[in-house]
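Chains as they are written, first to last, in this note's numbering: chain A, 288 to 676; chain B, 288 to 676.
Worth double-checking, as some hints may not be accurate.
[Claimed, not checked] Chain B residues, not near chain A, derived (Cβ > 10 Å throughout): (1) Asp345; (2) Val364; (3) Gly514; (4) Lys537; (5) Ser617; (6) Lys619; (7) Met655; (8) Asp656.
[Stated by the list, open to error] Okay, derived cross-link-like pairs now, DSS-like style, lysine-lysine, Cα gap no bigger than 27 Å in a straight line: (9) Lys342/B x Lys312/A; (10) Lys358/B x Lys498/B; (11) Lys329/A x Lys329/B; (12) Lys473/B x Lys441/B; (13) Lys375/A x Lys381/B; (14) Lys326/A x Lys326/B; (15) Lys541/B x Lys304/A; (16) Lys303/A x Lys619/A; (17) Lys620/A x Lys541/B; (18) Lys381/B x Lys442/A; (19) Lys645/B x Lys527/A; (20) Lys329/B x Lys530/B; (21) Lys428/B x Lys654/B; (22) Lys541/A x Lys428/B; (23) Lys498/A x Lys375/A; (24) Lys381/A x Lys645/B; (25) Lys473/B x Lys527/B; (26) Lys381/A x Lys537/B; (27) Lys375/B x Lys527/B; (28) Lys312/B x Lys585/B; (29) Lys620/B x Lys583/B; (30) Lys375/A x Lys358/B; (31) Lys619/A x Lys583/A; (32) Lys329/A x Lys342/B.
Since the hints were derived computationally from the structure, they do not count as laboratory data. Ideal Cβ placement from N, Cα and C applies to all residues, glycine included.
There are 2 protein chains.
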Amino acid sequence: MKKDLFDVNNVMQALKKCLPTEQGKIGLHEPHFGGNEWKYVKDCLDTGWVSSVGKYVDQFEQELAAYTGVKKAVAVVNGTAALHVALKLAGVIKDDEVIVPTLTFIATTNAITYCGAMPHFADSEERTLGLDPYKLAEYLKDITEVRDNSCFNKKTGRRIKAVVPMHTFGHPVDLDPLVEVCQRFKLELIEDAAESLGSFYKGRHTGNWGKLSTLSFNGNKTITTGGGGAILTNDEELGKMAKYITTTAKVPHKWNFYHDQIGFNYRLPNINAALGCAQLEQLPGFLARKRVLAQKYKACFSSVIGVDFFQEPAFAQSNYWLNALILEGSYKKYRDAILESTNNCGIMTRPVWILMHKLPMFLACPKMDVSVAEELENRIINIPSSVFL
Amino acid sequence: MKKDLFDVNNVMQALKKCLPTEQGKIGLHEPHFGGNEWKYVKDCLDTGWVSSVGKYVDQFEQELAAYTGVKKAVAVVNGTAALHVALKLAGVIKDDEVIVPTLTFIATTNAITYCGAMPHFADSEERTLGLDPYKLAEYLKDITEVRDNSCFNKKTGRRIKAVVPMHTFGHPVDLDPLVEVCQRFKLELIEDAAESLGSFYKGRHTGNWGKLSTLSFNGNKTITTGGGGAILTNDEELGKMAKYITTTAKVPHKWNFYHDQIGFNYRLPNINAALGCAQLEQLPGFLARKRVLAQKYKACFSSVIGVDFFQEPAFAQSNYWLNALILEGSYKKYRDAILESTNNCGIMTRPVWILMHKLPMFLACPKMDVSVAEELENRIINIPSSVFL
Numbered sequence: 288m289k290k291d292l293f294d295v296n297n298v299m300q301a302l303k304k305c306l307p308t309e310q311g312k313i314g315l316h317e318p319h320f321g322g323n324e325w326k327y328v329k330d331c332l333d334t335g336w337v338s339s340v341g342k343y344v345d346q347f348e349q350e351l352a353a354y355t356g357v358k359k360a361v362a363v364v365n366g367t368a369a370l371h372v373a374l375k376l377a378g379v380i381k382d383d384e385v386i387v388p389t390l391t392f393i394a395t396t397n398a399i400t401y402c403g404a405m406p407h408f409a410d411s412e413e414r415t416l417g418l419d420p421y422k423l424a425e426y427l428k429d430i431t432e433v434r435d436n437s438c439f440n441k442k443t444g445r446r447i448k449a450v451v452p453m454h455t456f457g458h459p460v461d462l463d464p465l466v467e468v469c470q471r472f473k474l475e476l477i478e479d480a481a482e483s484l485g486s487f488y489k490g491r492h493t494g495n496w497g498k499l500s501t502l503s504f505n506g507n508k509t510i511t512t513g514g515g516g517a518i519l520t521n522d523e524e525l526g527k528m529a530k531y532i533t534t535t536a537k538v539p540h541k542w543n544f545y546h547d548q549i550g551f552n553y554r555l556p557n558i559n560a561a562l563g564c565a566q567l568e569q570l571p572g573f574l575a576r577k578r579v580l581a582q583k584y585k586a587c588f589s590s591v592i593g594v595d596f597f598q599e600p601a602f603a604q605s606n607y608w609l610n611a612l613i614l615e616g617s618y619k620k621y622r623d624a625i626l627e628s629t630n631n632c633g634i635m636t637r638p639v640w641i642l643m644h645k646l647p648m649f650l651a652c653p654k655m656d657v658s659v660a661e662e663l664e665n666r667i668i669n670i671p672s673s674v675f676l
Numbered sequence: 288m289k290k291d292l293f294d295v296n297n298v299m300q301a302l303k304k305c306l307p308t309e310q311g312k313i314g315l316h317e318p319h320f321g322g323n324e325w326k327y328v329k330d331c332l333d334t335g336w337v338s339s340v341g342k343y344v345d346q347f348e349q350e351l352a353a354y355t356g357v358k359k360a361v362a363v364v365n366g367t368a369a370l371h372v373a374l375k376l377a378g379v380i381k382d383d384e385v386i387v388p389t390l391t392f393i394a395t396t397n398a399i400t401y402c403g404a405m406p407h408f409a410d411s412e413e414r415t416l417g418l419d420p421y422k423l424a425e426y427l428k429d430i431t432e433v434r435d436n437s438c439f440n441k442k443t444g445r446r447i448k449a450v451v452p453m454h455t456f457g458h459p460v461d462l463d464p465l466v467e468v469c470q471r472f473k474l475e476l477i478e479d480a481a482e483s484l485g486s487f488y489k490g491r492h493t494g495n496w497g498k499l500s501t502l503s504f505n506g507n508k509t510i511t512t513g514g515g516g517a518i519l520t521n522d523e524e525l526g527k528m529a530k531y532i533t534t535t536a537k538v539p540h541k542w543n544f545y546h547d548q549i550g551f552n553y554r555l556p557n558i559n560a561a562l563g564c565a566q567l568e569q570l571p572g573f574l575a576r577k578r579v580l581a582q583k584y585k586a587c588f589s590s591v592i593g594v595d596f597f598q599e600p601a602f603a604q605s606n607y608w609l610n611a612l613i614l615e616g617s618y619k620k621y622r623d624a625i626l627e628s629t630n631n632c633g634i635m636t637r638p639v640w641i642l643m644h645k646l647p648m649f650l651a652c653p654k655m656d657v658s659v660a661e662e663l664e665n666r667i668i669n670i671p672s673s674v675f676l
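Put together the whole structure using the sequences plus the hints.
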C-alpha cells in the first residue's frame with residue numbers, strides 16, 4: 288500500500304509563509320479603501336445627492352464601460368438584480384430552461400427562477416473550474432432539437448433559451464468554443480462575470496462575449512460599492528432598455544408619472560456609486576497586488592504534496608479574485624480537516640459552494656452528467672485573497 | 288353665469304410667502320444631512336464594514352422597530368423590494384388577486400406582479416386620499432364569495448389574497464374599518480407605509496395594523512439611506528423569515544453554503560444603514576419642522592380661492608411627508624397652468640401619479656368604480672416639503 292504523504296500541517300505552514308498572520312485574524316476577502324472613497328462619499332453628503340440619480344452613477348457607468356470595453360454599463364443594487372434583468376432582456380420567459388453550471392454561487396440560479404424559468408445544470412471542467420463547452424455541446428446534440436430558430440429539450444418539451452457561464456473565482460471559462468455552442472444551438476449567452484472584473488480572455492475583458500453580462504460589487508469582491516452590480520452589453524438598445532427597466536420604466540416628462548412597462552427599481556444609489564468610482568481608480572493596483580499574492584501562493588504550495596494552487600487558464604489573464612487550492616483526488620478526504628485547522632487558527636478558508644442540483648429547491652431540475660463538478664466540489668478550498676495581504 | 292374667481296397668481300403668491308425663494312430653485316423633497324451622517328459613514332469606511340452585514344444594519348433595524356412599535360424590522364434595498372417580500376410572506380402567489388388603490392405610486396402595483404399576482408384596483412376617499420374601506424366593503428360583498436377561509440372573485444374565479452393600502456403623502460388611511468373588512472373577507476392586510484414614517488393612526492404608528500408593512504428610505508422620503516426600505520411585522524416568525532429570504536436563505540454553518548429556499552439578496556448595505564441611523568436620530572426634529580411648514584401653508588392658502596391645503600385626517604397625526612394642494616372640482620382645469628408657472632419660476636411642484644388602471648400593463652386588471660380617484664387625479668398638486676424649508 289502506498290504511504291499517505293499528506294500532512295495538514297504542511298498546508299498550514301505554506302499559508303503562514305504567505306500571510307501576515309502576526310496581524311491577527313485574516314479574512315477571505317475584505318475591502319480596502321485607500322483612495323478617494325471618503326472624498327467622493329463626502330461630496331454626496333455635502334451636495335445632498337445620495338439617491339438614485341447623481342453624477343457618480345453616470346461616471347461609474349461610463350468608467351465601467353470604458354474599462355471592460357463594452358458599449359454600455361448599467362449600475363444596479365447587486366449582482367443578483369443584474370442577472371435577473373440580463374436574463375429578462377435576453378428573452379428568458381416563464382417555463383424556459385436556462386443552462387447553468389451546477390458549480391456556481393446561488394445568485395446565478397436564483398435569478399433564473401425570478402424569470403419563472405428553470406435551471407438546467409451543466410458540468411464544469413478542471414482547467415477553468417467553469418462550464419465545459421465541449422461536454423455541453425455533446426450533451427445538447429443528444430437531448431435537443433433546433434426548430435424555428437429555437438432550441439428545445441426533447442425530454443421536457445421546454446425551450447432552452449440561454450446559457451449562463453460563471454467565471455469561477457475570476458478565472459474565465461473557455462469562451463470561444465462556448466460562443467460556438469450557443470450559435471449552433473440558438474442559445475443566448477449571458478456571462479455571469481460577478482467574480483471576474485479585471486479578468487481577460489484572450490486579451491479582451493470578460494463580459495464581452497455575452498449578449499448581456501453582469502458584474503457584482505458586493506463587499507467581498509475585487510472592488511466594492513457596499514452592495515452593487517452592473518449589467519454590461521454591447522447592444523446599445525438593450526443597454527437603454529436595461530437602464531429603463533432597472534428604474535421604474537417612467538416615460539420622460541416634465542412632471543407626469545407615466546410608466547409603460549413593469550420596472551424593477553434596481554437602481555444603485557449615488558452614494559454607493561461614489562464608492563465604486565473611488566474603488567475603480569484603484570483597480571489596476573489591486574489587480575497587481577493580487578497577482579503578487581497569487582505568485583507567492585504558487586511558490587509556497589509548489590512543494591506541498593497533494594495540493595495544487597489553482598492558476599489561470601492558458602488563454603486568460605485572471606484577476607485571482609478568490610485564490611483556490613485544489614486537493615488531489617486521493618486527498619480530498621482531508622478537506623474538512625484543513626478547513627477546521629485553518630479557521631481555528633484565524634486564517635479564514637472555505638469550501639466551494641454546494642452544487643446547485645443538490646439544493647432542495649432545484650432537485651427536480653434537469654441536468655447532464657455533472658461528475659467533474661461533483662469531484663471538484665470536495666477538492667476546492669478558497670484561501671485569503673484580500674488586496675492588502 | 289358665476290364669475291370665475293380663480294387666479295393662478297394667488298397660488299404663486301401664497302407659495303412664495305411660505306418658501307425661501309431668494310435661495311434659488313426649491314425642490315419637492317430634498318434630503319437634509321445635519322447630524323451624524325458623516326461620522327457613521329466614515330466609521331464604515333475606516334473599519335471596512337460597508338457591505339451586507341454590519342453593526343449599523345442591526346442598529347437601524349432595532350431602532351426602526353422601537354420607533355414604529357413593531358416587533359421586528361428588516362432593512363432592505365428599497366421600498367419596492369420590501370413590498371415584494373411582504374406580499375410573498377403574506378402568502379400571495381401566482382394568479383392571486385391583490386386589492387390596491389388605483390391612486391398609488393407604481394411600486395405598490397409592480398410588487399404585486401413580481402409575485403405573479405394581479406392587481407385589483409380600488410377607489411380612494413377624499414378624507415385620506417387613500418383606500419376607502421367602506422366603499423371596498425360594499426364592493427367585495429357584491430363580487431366575492433368566502434369559502435374555505437379564502438375570498439374568491441366570483442367574476443374571475445381567482446382568489447383575492449390581500450389588500451395593500453398606501454398611506455398617501457404620509458396621511459394614514461382609516462385603518463380600523465379596513466381591518467374589519469379584511470377580517471370579514473379573509474384578506475391579509477399589508478400596509479404600504481413607504482410615505483408614512485412618523486405618521487400615527489389613533490396614537491399608534493402606521494405599519495402596526497398589517498400582517499406585514501413596508502417603509503421606504505428613498506432620497507425623497509422623510510429620512511433617506513440613499514436607497515432603502517424596510518419590512519415591519521409584529522409576527523416574530525414572519526420577521527425571521529423576512530430576514531432570511533432577503534439574504535440568500537443560507538442555513539447557518541461555519542463554512543458550508545447550503546441554501547434551502549429561493550432568496551432575494553435584498554439586503555441593505557451597512558454604509559446605507561449608517562446613513563439611516565444618523566437620519567433616524569433627527570426624525571423627531573424633521574417631523575416638527577414639517578408640521579411648522581404645513582401650518583404655514585395652511586395659513587397662507589386659507590385665503591386663496593379654489594384651493595385647499597390638504598390636512599391630516601381627524602384620527603391621525605401625519606408626517607406631512609409631501610404637502611398637497613387640492614383644487615376645488617370646478618378649478619381642476621387650472622392644474623397644468625399652476626404646474627407650469629410654479630416649475631417655470633423655480634418652485635418645484637408635481638401632479639399626483641397617473642392612476643394605475645390607466646397604465647398600459649394594467650389595463651386588463653379588474654377594478655371597482657374608481658370615480659373618486661379619477662376626480663382626485665386632476666385636483667392634486669404636490670408642493671415643496673423638504674425639512675429644511
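Right, here's what the structure says about each hint:
Distance to chain A confirms aspartate 345/B as a non-interface residue, since its nearest Cβ pair spans about 16 Å, more than 10 Å. Its beta-carbon lying about 5 Å from the closest one in chain A, valine 364/B breaks the requirement of being farther than 10 Å from that chain. With a least beta-carbon separation of about 4 Å from chain A, glycine 514/B fails to lie farther than 10 Å from that chain, contradicting its non-interface assignment. With 10 Å as the threshold on Cβ separation, the claim that lysine 537/B sits away from chain A is violated: the shortest Cβ distance comes to roughly 8 Å.
With a least beta-carbon separation of about 22 Å from chain A, serine 617/B lies farther than 10 Å from that chain, consistent with its non-interface assignment. Distance to chain A confirms lysine 619/B as a non-interface residue, since its nearest Cβ pair spans about 15 Å, more than 10 Å. Distance to chain A confirms methionine 655/B as a non-interface residue, since its nearest Cβ pair spans about 22 Å, more than 10 Å. Distance check on aspartate 656/B: its Cβ is at least 22 Å (rounded) from any Cβ of chain A, clearing the 10 Å threshold; non-interface status holds.
Restraint check: the Cα-Cα separation between lysine 342/B and lysine 312/A comes to about 19 Å, which is no more than 27 Å; the hinted pair holds. With a C-alpha separation of about 12 Å, the suggested pair lysine 358/B and lysine 498/B falls inside the 27 Å cut-off, and the hint holds. With a CA separation close to 9 Å, the supplied pair lysine 329/A and lysine 329/B stays within the 27 Å bound. With a CA separation close to 15 Å, the supplied pair lysine 473/B and lysine 441/B stays within the 27 Å bound.
For the hint linking lysine 375/A to lysine 381/B, the alpha-carbon distance of about 18 Å falls within 27 Å, and the restraint holds. Only pairs whose Cα atoms come within 27 Å are accepted, and lysine 326/A paired with lysine 326/B is accepted, the gap being roughly 13 Å. Between the alpha carbons of lysine 541/B and lysine 304/A the distance comes to roughly 25 Å, so the proposed pair stays at or under 27 Å and holds. Between lysine 303/A and lysine 619/A the CA atoms are separated by roughly 21 Å; this keeps the pair inside 27 Å, and the hint holds.
Simply put, lysine 620/A and lysine 541/B have alpha-carbon atoms about 18 Å apart, close enough for the 27 Å limit, and the pair holds. For the given pair, lysine 381/B sits about 26 Å from lysine 442/A by alpha-carbon distance, which is consistent with the 27 Å threshold. Restraint check for lysine 645/B and lysine 527/A: the C-alpha separation of about 25 Å stays at or below 27 Å, so the hint holds. Of the pairs offered as hints, the one joining lysine 329/B and lysine 530/B holds, with about 26 Å between alpha carbons and a cut-off of 27 Å not exceeded.
Between lysine 428/B and lysine 654/B the CA atoms are separated by roughly 14 Å; this keeps the pair inside 27 Å, and the hint holds. Between the alpha carbons of lysine 541/A and lysine 428/B the distance comes to roughly 41 Å, so the proposed pair goes past 27 Å and is violated. Taking the CA atoms of lysine 498/A and lysine 375/A, the gap is about 12 Å. The hint holds against a cut of 27 Å. The hinted pair formed by lysine 381/A and lysine 645/B meets the criterion: a straight-line CA distance of about 26 Å does not exceed 27 Å.
Pair hint lysine 473/B plus lysine 527/B holds up; C-alpha atoms about 24 Å apart against a cutoff of 27 Å. The hinted pair formed by lysine 381/A and lysine 537/B meets the criterion: a straight-line CA distance of about 25 Å does not exceed 27 Å. Between lysine 375/B and lysine 527/B, the direct Cα distance comes to roughly 14 Å. Compliance with the 27 Å bound is thereby established for this hinted pair. As the CA atoms of lysine 312/B and lysine 585/B are separated by approximately 22 Å, the hinted pair is consistent with the 27 Å bound.
With a C-alpha separation of about 26 Å, the suggested pair lysine 620/B and lysine 583/B falls inside the 27 Å cut-off, and the hint holds. For the proposed pair lysine 375/A and lysine 358/B, the alpha carbon gap of about 37 Å is over 27 Å, so the pair is violated. For the hint linking lysine 619/A to lysine 583/A, the alpha-carbon distance of about 23 Å falls within 27 Å, and the restraint holds. Between lysine 329/A and lysine 342/B the alpha-carbon distance is near 21 Å, which keeps this suggested pair within the 27 Å criterion.
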